[in-house]
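Enquirer: Single-letter residue listing:
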Amino acid sequence: MTPTIVLLVCGVELLDTTAHVLFKHCVNRFDTDRLSGLKAHWDFFLTIIRLPPTWCGIVATACGLLIWFIVLAQADLSIAFSLGSLRYLLIMGASVWLLGERLTPVRLLGTGCIVGGIVCVALSS
Amino acid sequence: MKGVLTPRVFLLIMVGDVLNTLAELSFKFGAMAPGIHPITVTNLLQFVMGLFSSTGIWLGILCYLVMLFLWITILSKIDLSVAAPMQSTDYLLVPLASLCVLHERISPLRWVGVVLIIGGVYLVSRSTALTRAPHA
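Which chain is which? The protein sequence lines are S and V, in order.
Just so we're aligned: 106 in the working numbering is position 106 of the first sequence, and the numbers increase by one with no gaps anywhere.
Count along the second sequence from 1, then add 125; that gives the number in the working numbering.
These are calculated hints, taken from the structure and not from any lab test.
All C-beta atoms in this analysis are idealised placements derived from N, C-alpha and C, irrespective of residue type, glycine included.
Just so you know, not all the hints are guaranteed correct.
[As the list claims (entries may be wrong)] Heads up, incomplete: computed chain S residues facing chain V, CB under 10 Å, no partners named:
#: 1; residue: Leu7
#: 2; residue: Cys10
#: 3; residue: Leu14
#: 4; residue: Thr18
#: 5; residue: Cys56
#: 6; residue: Val59
#: 7; residue: Cys63
#: 8; residue: Phe69
#: 9; residue: Leu72
#: 10; residue: Met92
#: 11; residue: Ala94
#: 12; residue: Ser95
#: 13; residue: Leu109
#: 14; residue: Cys113
#: 15; residue: Ile118
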């Protein structure tokens, strides 16, 4: 596990977080509470994938995937994937700052466990 | 704020997790075949060109496309901060798959890390339920 790989994984997770926030931002524009059935969800999906932010999210995912392929060619899958749990920290931060979610002590404790887990995985390589 | 996590949404997330594990394994097989030694611009270009002739990569991309539909459906039902931590079963499925299919060695410390990550993401998703309860 080299510093380059760690940096690349961080880049992948940043792109991944950006994509998730963009997808959620698009979904939040609509009232989805009454959506039910496969047909309604498929129509909703078609509406969402036509929105420009969704396309930005798909491009971010594609860029992340390309970097991810480079990571996979270099590192054990289990190490690379476990390091990828950084995304939970990034998504939590983005959910609070950009989507207006709340941070509680239990969530902070959970985040601490995730960080501890990441350190264990990194030390074991 | 979106609704609570129903068994149906939970099932969708689990299907997405299994697809994600399949995609990861397909990508690993696809990306392993050409390899990059050492990392130079020429080797990187050859590597990227080689990826698109790999069946594993296309299989992984197909899994990703199905997952995109599942993910949009999931996000229309629950908050991102609930949905994202619920993907934690990947951390169990991928090391298990690495062990069984790719025969990678997984040390005890790494297993401790995996368990901590799963515990952490469980607490994170639980915390969202706790904050929602008073408003329910």
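Enquirer: To test your reading of the hints: which numbers does this structure violate?
Expert: 1, 2, 3, 4, 5, 6, 7
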